[in-house]
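Engineer: Sequences are here, hints too, so could you generate the full structure?
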Amino acid sequence: MSLTEQKCTPCQGGVEPMPRERAEEFMDQVPGWELTHEATRLQRRFKFKNFAQANAFVDRVGELAEAEDHHPDITFGYGYALVEIWTHKIGGLHENDFIFAAKTNELFEA
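With the numbering used here as the guide, the letters of the sequence shown map in order to residues 41 to 150.
Just so you know, the hints here were simulated from the structure itself, not pulled from any lab data.
No more than 20 angstroms apart at the CA atoms, straight line, and that leaves these computed lysine to aspartate or glutamate pairs for EDC-like:
{"no.": "1", "residue 1": "K89", "residue 2": "E149"}
{"no.": "2", "residue 1": "K87", "residue 2": "D113"}
{"no.": "3", "residue 1": "K129", "residue 2": "E56"}
{"no.": "4", "residue 1": "K87", "residue 2": "E124"}
{"no.": "5", "residue 1": "K87", "residue 2": "E146"}
{"no.": "6", "residue 1": "K129", "residue 2": "D109"}
{"no.": "7", "residue 1": "K129", "residue 2": "E106"}
{"no.": "8", "residue 1": "K89", "residue 2": "E146"}
{"no.": "9", "residue 1": "K87", "residue 2": "E74"}
{"no.": "10", "residue 1": "K89", "residue 2": "D99"}
{"no.": "11", "residue 1": "K129", "residue 2": "E78"}
{"no.": "12", "residue 1": "K87", "residue 2": "D99"}
What you are looking at is a predicted structure, and each value in this text was computed from that prediction instead of being measured.
Structural biologist: Next comes the structure, spelled out in structure tokens:
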């Protein structure tokens, strides 16, 4: 099953963050994303023609975040949106983060 067909599951904490090796195995499924902060976060910078397009994308990502109950950090401005994802309760990456990244890519491509 592809990542975009899965749903983020609530994380209650008490789970170890995904090790770098496991995170690297997921990277081919989330093109454009990079591992940051010692492989504890995912980050991607999306480019747009103007502020309005960046703002509209951020709104769609916000709707996705609410639907998935998984909330990224987003910074945006004229022609860009920077999305950063990690599971706050465990201080690192979980499979949910890759599901969210794949779905965010899908929004960008639409």
